Amino acid sequence: MTTDNRIAITGLGLVGPWGTGLDGLWDAQTDGDADFTPCSRYDNGLPAAEAQKLDLRRMLKSGQLSRAPLVSQYAVAATHLAVTQANMLPERGSKNGGVGIVFGTSNGPGAATQQIYDDLIDTGPTGVKPRVFQESVFNAPASLVSIHFGFAGPIQVVPAAGCSGTAVLYQAQMMLAQPGIEAVIALCSDEMCDAIQKGLRDLKWHADYDGQGSLTDGAVAGEGAVAMILERASHAEARGAEVLAELAGVGLANDAAALGRPAKDGRGLVAAMETALEDAQAQADTVDMILTGSAATKIEDQLESAAITTVFGAQSPAQGSSKRSTGFAMGTAALVEIALAVAAINRNATPASVAGDTPKIDAVLCNAIGLNGQFGATLIKGAAA
Amino acid sequence: MIPHMSNRGAVVTGCGVINAIATDFDGFGSAMAQAQSGLGDINSFPADGLRNPRACEASGFDAEAIRIKRGDKRMDRSSALTLAAFDQAMEMAQLDPATVNPRRGAVLSGSTLGGARTGMGYYRGQRAGKRRPSTLRDYSLHSPGYRLCIETGFMGPNLVYSTACTSSNLALATAQDLIRAGKADVVLVAGFDPMSEVSAAGFSVMRNVSPELCRPFDKDRQGLVLGEGSALMIVEAEDFAAKRGAPVMAKLRGYGLSSDAHHMTAPDVTAQGPMAAMRKALEMGGADAAQVDFICAHGTGTLHNDAIEAKALHGVLGERAAEVPAASIKSMVGHTLGAAGTMNAVAAMAARAKNIIPPTVNFREAEANNPLSCAPEARTGQPSLVLSNTLGFGGSNCSVLMELA
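Residue numbers (the UniProt record's numbering), protein chains in the order written: chain Y, 1 to 385; chain X, 1 to 405.
Hints were generated in silico from the structure; no laboratory data involved. Only a predicted model underlies this, so the values are computations on that prediction, with no experimental measurement involved. Treat the hints with care, as some may be off.
Below 25 angstroms or equal to it, Euclidean Cα-Cα: the simulated SDA-like pairs (lysine to any residue) are [unchecked claim]:
id: 1; chain 1: Y; residue 1: Lys198; chain 2: Y; residue 2: Gln178
id: 2; chain 1: X; residue 1: Lys354; chain 2: X; residue 2: Gln94
id: 3; chain 1: Y; residue 1: Lys198; chain 2: X; residue 2: Pro133
id: 4; chain 1: X; residue 1: Lys219; chain 2: X; residue 2: Ala33
id: 5; chain 1: X; residue 1: Lys73; chain 2: X; residue 2: Lys130
id: 6; chain 1: Y; residue 1: Lys204; chain 2: X; residue 2: Gly125
id: 7; chain 1: X; residue 1: Lys251; chain 2: X; residue 2: Ala290
id: 8; chain 1: Y; residue 1: Lys129; chain 2: X; residue 2: His263
id: 9; chain 1: Y; residue 1: Lys129; chain 2: X; residue 2: Met206
id: 10; chain 1: Y; residue 1: Lys204; chain 2: X; residue 2: Lys73
id: 11; chain 1: Y; residue 1: Lys360; chain 2: Y; residue 2: Gly24
id: 12; chain 1: X; residue 1: Lys73; chain 2: Y; residue 2: Ala263
id: 13; chain 1: Y; residue 1: Lys204; chain 2: X; residue 2: Ser134
id: 14; chain 1: X; residue 1: Lys73; chain 2: Y; residue 2: Asp202
id: 15; chain 1: Y; residue 1: Lys264; chain 2: Y; residue 2: Gly313
id: 16; chain 1: Y; residue 1: Lys95; chain 2: X; residue 2: Ala266
id: 17; chain 1: Y; residue 1: Lys129; chain 2: X; residue 2: Gly121
id: 18; chain 1: Y; residue 1: Lys95; chain 2: X; residue 2: Val269
id: 19; chain 1: X; residue 1: Lys311; chain 2: Y; residue 2: Gly150
id: 20; chain 1: Y; residue 1: Lys95; chain 2: X; residue 2: Gly315
id: 21; chain 1: X; residue 1: Lys219; chain 2: X; residue 2: Arg207
id: 22; chain 1: Y; residue 1: Lys198; chain 2: Y; residue 2: Ala258
id: 23; chain 1: Y; residue 1: Lys198; chain 2: X; residue 2: Gly121
id: 24; chain 1: Y; residue 1: Lys95; chain 2: X; residue 2: Arg279
id: 25; chain 1: X; residue 1: Lys130; chain 2: Y; residue 2: Gly45
id: 26; chain 1: Y; residue 1: Lys129; chain 2: X; residue 2: Ile42
id: 27; chain 1: Y; residue 1: Lys129; chain 2: X; residue 2: Gln222
id: 28; chain 1: Y; residue 1: Lys53; chain 2: Y; residue 2: Asp194
id: 29; chain 1: Y; residue 1: Lys360; chain 2: Y; residue 2: Gln319
id: 30; chain 1: X; residue 1: Lys73; chain 2: X; residue 2: Ala128
id: 31; chain 1: Y; residue 1: Lys264; chain 2: X; residue 2: Glu151
Working from the sequences, and respecting the hints, build out all of it.
Quick look at the structure:
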């Protein structure tokens, strides 16, 4: 790879149950199930990984966003932290067509959508509130980020459930190939809402508590946002930006199997992992650690295990994920793992949520599993010396 | 890594369409030639309380036939609309999906509120204590695309874009990128959005809906009317299509993307965003503004949106903007939201097949400022280089440049 087609990660902003920042995410990793409690915003008794409250007024020195849906607040906060770290915080009121945004989410403004459903059932069409409707579309958080920071480059929005993070990076790679694009904000955000958690429980995808108060199999829904600043390595070098890590390869695939019944042999994930390695011009034996994509459901655990064996053979690298520590942050989940990979590379250590030890951490493969047969894989590597 | 974008061409070899005035490609061309309007009473749900109880529903579409054909009685309307358009397109393109390397076949879709009907239905049941979880498997926006993957065996990306009105134009744009980057040989590009209570109520309370007819670019326009439908295109790498001797309907020359970074709902009156998108599309397509001979406009019929788009067109095309034939098909099929981009593209191809410029029905008199050349009846013409615009809620803009065969 030449300097010109390498992608540098120069900023990372995180919001989630651990608070904000990469150190918080690292410190929140556990070697077993964390103590999940129900979301404080509604009462459905399901375990959840709720994001810590944000003080946006203090962070942004503006009160304008305090009424926005949480998914948008998380998105703006994560972007603010990322652009600040990358030394790209724009002057208020300026516009920059050279910065694009790729946004991923699973449910978007879920609480606003639930509010519209309630208003329609209780009052009829006239009960729907204009502000709630305009904030309910999937692209609303990305538009708000664009408006707040004056980023006037392209906006792309790819809702892809648990694969959203990989989908965002896939699009970002192509966006960086466009003339005039200096940097891309790769952003994912999701908020929990009562109806979605219940729906996922009804699908037997979400965990619950058993009679003894222990977690059953399944995912624990989480929430939060991750923003990542991506730019050509040559661009980062020219402006003297610190490179946190490199986005070496991305693979997206699907298993073309059956609606609601993913292929148990993990063929979709095999295709995604092989494509990511090919994109990075890397061999499987150079991968030091795998951060897995399974949300902790039986079927996802099974197919991911099969896929890893297919690609890596019996001697696969150390594996684990943050999901039993900080929840499955829905559309943000894949970027959470990728952020964890960056932290592991920079510390040259495995997080507490990963079993096994490894002498060095320089290349981490981060898997992602979405709904309806979507699979993704991303290879993150340490910054070239 | 950042892909190398080659000059590999992307061509359209088949398309299918469902909307309020047609249930297939040929019928769409004929209906436009006759300046038909699809406006009628809303039948999908009670329309009491809406600013306009009429909309452009695809009443001629038999979703049940698609469900029976696939043996899936709980299929969401979005999936049914998409599969119907897919069947037509595959027949037109005569493409055997088995000839495509599975990892080099992709599905890209655009939708705003795809599964809203299923979501609303499920939530009603949830509140009433009657849950049917199996319906939720078709709720997500990427379900229709996944069904296309299952039908074709394509194992490449199945992505759905949701940037409001620009959604399926963005899918068309990305299809070009996948082909130029050498990541795919065949891409199914679909736009779909069904009529739903959510969108009808939302646009109604925001007062974007016309209380009467939709009159894009007319000086007395009062708003949009909602539509529903799907429009799907089979986009192939030019070399792949040539190798199998496929008939080419159009070549995708370029696209431009921008955002206003201005306001969630109000367009930026400077029109800088849409102008940037159109200029980028022309630049990428290696075309001069003087070569554009048909403007397939976004033209929602709202006061501000049309004014901004017309201003942007004048900014890009100069004085020619008042002369180049322009049309908004939303006057006939309504605003199909996320499907608007591919609906425009298929309309341009269907019009070319009938040697017409599509009409803008209900159009009576142009604005004094930045007038466009619209007409309420179809005009004879053979459009060749088409600029197709979409301007979205939240300030995202996407223009696509197409060369019709």
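Taking the hints in turn, this is what the structure says about them:
Only pairs whose Cα atoms come within 25 angstroms are accepted, and lysine 198 of chain Y paired with glutamine 178 of chain Y is rejected, the gap being roughly 42 angstroms. Straight-line distance between C-alpha atoms of lysine 354 of chain X and glutamine 94 of chain X comes to about 21 angstroms, which keeps the hinted pair within the 25 angstroms bound. Only pairs whose Cα atoms come within 25 angstroms are accepted, and lysine 198 of chain Y paired with proline 133 of chain X is accepted, the gap being roughly 10 angstroms. Distance check on the hinted pair: lysine 219 of chain X and alanine 33 of chain X sit about 24 angstroms apart at the alpha-carbon level, within 25 angstroms; holds.
Distance hint between lysine 73 of chain X and lysine 130 of chain X is fulfilled; the C-alpha atoms sit about 18 angstroms from each other, no more than 25 angstroms. At roughly 17 angstroms between alpha-carbon atoms, lysine 204 of chain Y and glycine 125 of chain X fall within 25 angstroms of each other, so this suggested pair holds. For a cut-off of 25 angstroms, the pair hint linking lysine 251 of chain X to alanine 290 of chain X stands: about 18 angstroms separates their Cα positions. Taking the CA atoms of lysine 129 of chain Y and histidine 263 of chain X, the gap is about 18 angstroms. The hint holds against a cut of 25 angstroms.
Between lysine 129 of chain Y and methionine 206 of chain X the alpha-carbon distance is near 8 angstroms, which keeps this suggested pair within the 25 angstroms criterion. Our distance criterion of 25 angstroms between C-alpha atoms is met by lysine 204 of chain Y and lysine 73 of chain X, whose separation comes to about 22 angstroms. Restraint check: the Cα-Cα separation between lysine 360 of chain Y and glycine 24 of chain Y comes to about 22 angstroms, which is no more than 25 angstroms; the hinted pair holds. For the suggested pair lysine 73 of chain X and alanine 263 of chain Y, the alpha carbons sit about 23 angstroms apart, so the restraint of at most 25 angstroms is met.
Restraint check for lysine 204 of chain Y and serine 134 of chain X: satisfied, since their Cα atoms lie roughly 11 angstroms apart, inside the 25 angstroms limit. The hinted pair formed by lysine 73 of chain X and aspartate 202 of chain Y meets the criterion: a straight-line CA distance of about 20 angstroms does not exceed 25 angstroms. Between lysine 264 of chain Y and glycine 313 of chain Y the alpha-carbon distance is near 17 angstroms, which keeps this suggested pair within the 25 angstroms criterion. In summary, the hint linking lysine 95 of chain Y to alanine 266 of chain X is supported, as the alpha carbons are separated by about 17 angstroms, within the 25 angstroms threshold.
Proximity of lysine 129 of chain Y to glycine 121 of chain X is assessed by CA-CA distance (about 20 angstroms); at most 25 angstroms being required, the pair is judged to hold. Restraint check: the Cα-Cα separation between lysine 95 of chain Y and valine 269 of chain X comes to about 15 angstroms, which is no more than 25 angstroms; the hinted pair holds. Of the pairs offered as hints, the one joining lysine 311 of chain X and glycine 150 of chain Y holds, with about 22 angstroms between alpha carbons and a cut-off of 25 angstroms not exceeded. For the hint pairing lysine 95 of chain Y with glycine 315 of chain X, the CA-to-CA distance comes to about 20 angstroms; that is within 25 angstroms, so the pair holds.
A threshold of 25 angstroms between alpha carbons decides the hint, and for lysine 219 of chain X with arginine 207 of chain X the separation of about 18 angstroms falls inside it, so the pair holds. With a C-alpha separation of about 24 angstroms, the suggested pair lysine 198 of chain Y and alanine 258 of chain Y falls inside the 25 angstroms cut-off, and the hint holds. Only pairs whose Cα atoms come within 25 angstroms are accepted, and lysine 198 of chain Y paired with glycine 121 of chain X is accepted, the gap being roughly 15 angstroms. Between the alpha carbons of lysine 95 of chain Y and arginine 279 of chain X the distance comes to roughly 18 angstroms, so the proposed pair stays at or under 25 angstroms and holds.
Pair hint lysine 130 of chain X plus glycine 45 of chain Y holds up; C-alpha atoms about 19 angstroms apart against a cutoff of 25 angstroms. At most 25 angstroms may separate the alpha-carbon atoms for a hinted pair to count; lysine 129 of chain Y and isoleucine 42 of chain X meet this at roughly 21 angstroms. Restraint check for lysine 129 of chain Y and glutamine 222 of chain X: the C-alpha separation of about 21 angstroms stays at or below 25 angstroms, so the hint holds. This hinted pair checks out: lysine 53 of chain Y and aspartate 194 of chain Y have alpha carbons roughly 18 angstroms apart, not beyond 25 angstroms.
Between lysine 360 of chain Y and glutamine 319 of chain Y the alpha-carbon distance is near 14 angstroms, which keeps this suggested pair within the 25 angstroms criterion. Taking the CA atoms of lysine 73 of chain X and alanine 128 of chain X, the gap is about 22 angstroms. The hint holds against a cut of 25 angstroms. For the hint linking lysine 264 of chain Y to glutamate 151 of chain X, the alpha-carbon distance of about 19 angstroms falls within 25 angstroms, and the restraint holds.
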